[in-house]
Amino acid sequence: MATSLVDAGSLLVVDVGSVSTRAVLFDVVAGRFRFLASGSAPTTAGAPYHNVSEGVRLALDRLQNVVGRRLIGADEQLIIPSASDGSGVDKFAATISAGTPLKVVAVGLLEDVSLESARRLAMTTYSRVVQSISLNDRRRQDARINTLIRLRPDLVLVAGGTDNGASQSVLKLLEPVGLACYLLPEHYRPDVLFVGNKALREEVKSSLRGLTTLHFAPNIRPTLEFERLDTAQSQVARVFNSIRSRQIPGVEELDVWSNGKLLPTSSAFGRVVRFDSKLHSNKKGVLGVDVGASATTIAAAFDGDLTLGVYPQYGLGYGSTEPVEDTSLEEISRWLVVEVPNEYVREYLANKACYPSALPVTAEDMAIEQALARVVMQNAVRQAAKGFPAQASSPGEGLLPWVEPILATGSVLTQAPSLAQSALMLLDGLQPVGVTTLVLDQNHIASALGAAAAANPLLVVQILDSNSFLYLGTAITPVGNARPGTPVLRLKLTYEGSQESSVEVKQGSLQVLALPQGQKARLQLWPLHGYDVGMGASGRGGSFPVTGGALGIIIDARGRPLALPADTAKRRELFKKWLAALGGL
Amino acid sequence: MFAPITHILPITSIRRERVLPIPGKVIVRSGQKVNATDIIAEANLRPEYILLDIARGLGVSADRSDKYLISQAGDQVAQGDMVAGPVGLARRVVRSPRDGKVVLAGGGQILIEAASKPFQLKAGISGEVVELVADHGAIVETTGALIHGVWGNGQVDFGVMTVQAKSPDQALTPNQLDVSLRGSVVLGAYCEDPEVLKTAEDLPLRGLILASMSSVLVPAAMKMQLPVLLIEGFGRRPMNPVAFKLLTTNDRRDVAINAEVWDRFSSARPEVVIPLPAPGSVSLPKEAGVFSPDQQVRVTGAPFTGRVGIITNMKGIIVFQNGLRAQSAEVRLENGEKAILPLANLEVLA
Numbered sequence: 000m001a002t003s004l005v006d007a008g009s010l011l012v013v014d015v016g017s018v019s020t021r022a023v024l025f026d027v028v029a030g031r032f033r034f035l036a037s038g039s040a041p042t043t044a045g046a047p048y049h050n051v052s053e054g055v056r057l058a059l060d061r062l063q064n065v066v067g068r069r070l071i072g073a074d075e076q077l078i079i080p081s082a083s084d085g086s087g088v089d090k091f092a093a094t095i096s097a098g099t100p101l102k103v104v105a106v107g108l109l110e111d112v113s114l115e116s117a118r119r120l121a122m123t124t125y126s127r128v129v130q131s132i133s134l135n136d137r138r139r140q141d142a143r144i145n146t147l148i149r150l151r152p153d154l155v156l157v158a159g160g161t162d163n164g165a166s167q168s169v170l171k172l173l174e175p176v177g178l179a180c181y182l183l184p185e186h187y188r189p190d191v192l193f194v195g196n197k198a199l200r201e202e203v204k205s206s207l208r209g210l211t212t213l214h215f216a217p218n219i220r221p222t223l224e225f226e227r228l229d230t231a232q233s234q235v236a237r238v239f240n241s242i243r244s245r246q247i248p249g250v251e252e253l254d255v256w257s258n259g260k261l262l263p264t265s266s267a268f269g270r271v272v273r274f275d276s277k278l279h280s281n282k283k284g285v286l287g288v289d290v291g292a293s294a295t296t297i298a299a300a301f302d303g304d305l306t307l308g309v310y311p312q313y314g315l316g317y318g319s320t321e322p323v324e325d326t327s328l329e330e331i332s333r334w335l336v337v338e339v340p341n342e343y344v345r346e347y348l349a350n351k352a353c354y355p356s357a358l359p360v361t362a363e364d365m366a367i368e369q370a371l372a373r374v375v376m377q378n379a380v381r382q383a384a385k386g387f388p389a390q391a392s393s394p395g396e397g398l399l400p401w402v403e404p405i406l407a408t409g410s411v412l413t414q415a416p417s418l419a420q421s422a423l424m425l426l427d428g429l430q431p432v433g434v435t436t437l438v439l440d441q442n443h444i445a446s447a448l449g450a451a452a453a454a455n456p457l458l459v460v461q462i463l464d465s466n467s468f469l470y471l472g473t474a475i476t477p478v479g480n481a482r483p484g485t486p487v488l489r490l491k492l493t494y495e496g497s498q499e500s501s502v503e504v505k506q507g508s509l510q511v512l513a514l515p516q517g518q519k520a521r522l523q524l525w526p527l528h529g530y531d532v533g534m535g536a537s538g539r540g541g542s543f544p545v546t547g548g549a550l551g552i553i554i555d556a557r558g559r560p561l562a563l564p565a566d567t568a569k570r571r572e573l574f575k576k577w578l579a580a581l582g583g584l
Numbered sequence: 000m001f002a003p004i005t006h007i008l009p010i011t012s013i014r015r016e017r018v019l020p021i022p023g024k025v026i027v028r029s030g031q032k033v034n035a036t037d038i039i040a041e042a043n044l045r046p047e048y049i050l051l052d053i054a055r056g057l058g059v060s061a062d063r064s065d066k067y068l069i070s071q072a073g074d075q076v077a078q079g080d081m082v083a084g085p086v087g088l089a090r091r092v093v094r095s096p097r098d099g100k101v102v103l104a105g106g107g108q109i110l111i112e113a114a115s116k117p118f119q120l121k122a123g124i125s126g127e128v129v130e131l132v133a134d135h136g137a138i139v140e141t142t143g144a145l146i147h148g149v150w151g152n153g154q155v156d157f158g159v160m161t162v163q164a165k166s167p168d169q170a171l172t173p174n175q176l177d178v179s180l181r182g183s184v185v186l187g188a189y190c191e192d193p194e195v196l197k198t199a200e201d202l203p204l205r206g207l208i209l210a211s212m213s214s215v216l217v218p219a220a221m222k223m224q225l226p227v228l229l230i231e232g233f234g235r236r237p238m239n240p241v242a243f244k245l246l247t248t249n250d251r252r253d254v255a256i257n258a259e260v261w262d263r264f265s266s267a268r269p270e271v272v273i274p275l276p277a278p279g280s281v282s283l284p285k286e287a288g289v290f291s292p293d294q295q296v297r298v299t300g301a302p303f304t305g306r307v308g309i310i311t312n313m314k315g316i317i318v319f320q321n322g323l324r325a326q327s328a329e330v331r332l333e334n335g336e337k338a339i340l341p342l343a344n345l346e347v348l349a
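Quick note, the sequences are listed as chains L and E, same order. Going letter by letter, the first sequence gives residues 0 to 584 in numbering that gives the first Met the number 0. Going letter by letter, the second sequence gives residues 0 to 349 in numbering that gives the first Met the number 0.
Just chain L, with the same shape it has in the complex:
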């Protein structure tokens, strides 16, 4: 059903992040939905405020000042719907990522079947799987009970049994959960989400009734071969909200303002990526990456099929004061564009746990942040790829599937000192293949659109189509095997007005073809030596229309996977050269 602009009107979305709270306003301007402005403030979930409302109100105050529209009434409540004097908004939505990750215990029958699916389901929101229980584990029941009591999880995810399949063994696994709930003080009892054999629902209800809050979602492993997380994912999001509402004052109020539709930021981000995938419906997927302080989120949608992974272990802030392992330190250090002693990097990362919102003012600190961003993106996408569907084809094992566009958000990417640095972090961290477009969510509105998607799809379509996102450029990455310096791709760019520009691309190079922002052109590719540019087969080329982005057209022939020189001096020289090639400093 089409959405009427008049009916839908303005939309305010608040996102409560772990460091910042943002309020984003959309409204109809000249017959189309537009992103108007945003206001942000520090998140106040922690001490001394212990209530997210303070941060929300300050963010709204700032937004009011920018747009000159009153959003909060004298009664301190949101003015909704909008009044005839122009104050207020017509719709409200909210997302949240603040708070410590939920502690999840995953329960499943078989280690690599239902238990693996339960773990993957947990990873679709801000959580850490702190323990697993399965038939494979040989612990006594009392050891399992003691583990549950010691860990005090927020959520127990129970999977297992194909539909109308195993039942007694699943119920046996539930016994320690029930006993632990009975023994724990009421406010420490975990919520339980059952996503196993649907025939067991009544028995599960009767064994846990009165002991805890019980939730159900469709079986995530209805058959041994088939995994289905989508519906359960929405239920996990609802359970997350319900737990957060209990944990952090002010969250419940946000949920009320949004008519009970508060979403985890990651779920909203996943929605907009899936939406975009349905909108473009090409053979490639759509990839979203959100590098946040509390977690890195990877959302990949292939033909509307979403894989969502939230990785708190790869958040840029709220790390651990435990010393970084040498291997991780090496991994980060090899991406440093300036010389920084390993010792300094180690201490910098430990201090981030004490001061998660501190900003990098020096060249060294900025280099560490950007190196860390590359590593967390690499690790997060590697983890997420395990859950990509079969139709997500890639040109080689361990390489990213063909995706277009790549939507990137998170301050380290969007607030980087130069767009060249943003683009290079994305190319190095994600290592895309073939032809893709790099899109930067500079206004931090992607998750806001996801929150709006269900109620107002037209708004999402029109905003995605507007200039509210920054198009860095089309990136062409030929994939194959050739010695550095070997020509691997020829391309011709035909500008409007028939002016042409031809380039021969050599293995190992990174270069840019100028195409001003918004200008249209046609790009023809001829891969050489059997290189693959994602046109259907190795060595196959083709032509397609392109639109200029902020950086033009980026041709990344540095190789996949990207191999860095072992020699530190050569590596740093190369980093400088690559950055210069993209026109950055």
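These are computed hints drawn from the structure, not numbers from a lab. Warning: the hint list may mix true and false statements.
[Said to hold, decoys possible] DSSO-like cross-link-like pairs, simulated, lysine-lysine; straight-line CA separation at most 30 Å: (1) 519(L) x 505(L); (2) 222(E) x 197(E); (3) 197(E) x 171(L); (4) 102(L) x 24(E); (5) 116(E) x 66(E); (6) 204(L) x 100(E); (7) 102(L) x 116(E); (8) 102(L) x 222(E); (9) 171(L) x 66(E); (10) 116(E) x 244(E); (11) 204(L) x 244(E); (12) 491(L) x 385(L).
[As the list claims (entries may be wrong)] Quick list of the computed label-pair ranges, beta carbon to beta carbon: (13) 317(E) x 251(L): 35 to 41 Å; (14) 267(E) x 414(L): 54 to 60 Å; (15) 333(L) x 317(E): 27 to 33 Å; (16) 414(L) x 179(E): 51 to 57 Å; (17) 251(L) x 279(E): 39 to 45 Å; (18) 87(E) x 251(L): 58 to 64 Å; (19) 221(E) x 84(L): 57 to 63 Å; (20) 277(E) x 567(L): 54 to 60 Å; (21) 127(E) x 65(L): 47 to 53 Å; (22) 137(L) x 129(E): 39 to 45 Å; (23) 50(L) x 281(E): 24 to 30 Å; (24) 277(E) x 80(L): 52 to 58 Å; (25) 567(L) x 339(E): 45 to 51 Å.
All values reported here derive from a predicted model rather than from experimental measurement. Note that CB positions come from ideal geometry on N, CA and C, so glycine has one too.
On the provided structure of chain L, position chain E as indicated by the hints.
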């Protein structure tokens, strides 16, 4: 913009709520004077349970086994006590493997909560119990100097403080910890030598207050029984001059160290309290505020980490040399130098 506040105060009123997360037994009474290590309340936070399969032990069905139960829910049992049986000619029985209390009995099973040492919640500061929190703990109040830390190893203790730091960033060596310091709290500046921690534990000291420490030592510090508290953070970060002066001028005084882990989602923060009599009444310190000129601030990030200064101007959004854009303020550092710094890298000293 909201300003994070760190307390480094020569005299203030300090009020701390010390409560158990679950109901337990409150040990103190209202009006009682307590030391930092006195127990406020105790509870079995992580009880251990033992599930006995009575049916299997007796060799009968689960339904039949219930009639052989000797112990019922609520009964105290000692290790070796018979809890079910005897059955048959062999007179099979099931005995309790530990001292404890039967929590559930039936359906062929007995669940025993094993007796264990309860968790003891310490006062954390020396002062007076001004209010009891029923079944959970108490509110303790005192006056004195208060110095917030940024990291702690989770331990609590108190003792006479001996200053071993000659300068704000001097490395503490094992030689500086001799036997004369046994039982005291040592103020050092920087620690990078694992031998220092080992010596502190061997003596033992009652606590270690440091400006900073190598993060490599975190695992060792976390295993120590005495509190280790950092004022600045990790790496060689000199102690800020305000804290250094305050601590060094209180040499040989009693100090309480609560080196609890800093948790931004609760009010837990590592701190040093030096109990001092207040001249008249002193108010509680301010816990929240916004950045404004004339505030004293500490810098939390490079290039002026640990330096203290006064905000002279709010600057709005500034583009830094490395391209970073951030809401900023101009700060006059203690040596007179002026620097423009992101607000995100400042905390108000109050």
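**Request:** Mind checking the hinted window 45 to 51 Å against the Cβ distance between residue 567(L) and residue 339(E)?
**Result:** At roughly 33 Å between Cβ atoms, residue 339(E) and residue 567(L) fall outside 45 to 51 Å, so the hint is violated.
**Asked** Straight-line Cα separation of residue 116(E) and residue 66(E) no greater than 30 Å?
**Response** Roughly 33 Å between the alpha carbons, so the hint for residue 116(E) and residue 66(E) is violated.
**Prompt:** Is the hinted pair residue 102(L) and residue 116(E) satisfied, with a Cα-Cα distance of at most 30 Å?
**Reply:** Given that 30 Å is the threshold and the Cα spacing comes to 26 Å, the pair holds.
**Prompt:** Is residue 491(L) close enough to residue 385(L), meaning Cα to Cα at most 30 Å?
**Reply:** Distance of about 36 Å is beyond 30 Å: violated.
**Request:** Indicate whether the distance between the beta carbons of residue 277(E) and residue 567(L) respects the range 54 to 60 Å.
**Result:** holds, 57 Å
**Request:** Given the range 51 to 57 Å, decide if the beta-carbon distance of residue 414(L) to residue 179(E) lies inside it.
**Result:** holds, 54 Å
**Request:** Could you see if the CB distance from residue 251(L) to residue 279(E) stays within 39 to 45 Å?
**Result:** Holds, since residue 251(L) and residue 279(E) (Cβ atoms, about 43 Å apart) stay within the stated range.
**Beta-carbon spacing of residue 50(L) to residue 281(E) - inside the hinted bounds 24 to 30 Å or not** = holds, 28 Å
**Prompt:** For the pair supplied as a hint, residue 204(L) and residue 100(E), is the alpha-carbon distance within the 30 Å limit?
**Reply:** holds, 29 Å
**Request:** Starting from residue 197(E), check that the Cα of residue 171(L) is at most 30 Å away, please.
**Result:** violated, 48 Å
**Message:** With the threshold set at 30 Å, check whether the alpha-carbon distance from residue 204(L) to residue 244(E) stays at or below it.
**Reply:** Status violated; Cα separation ~63 Å.
**Assessment of proposed distance window 57 to 63 Å (beta carbons of residue 221(E), residue 84(L))** = holds, 59 Å
In summary, the numbered hints that this structure violates are 3, 5, 10, 11, 12, 14, 22 and 25.
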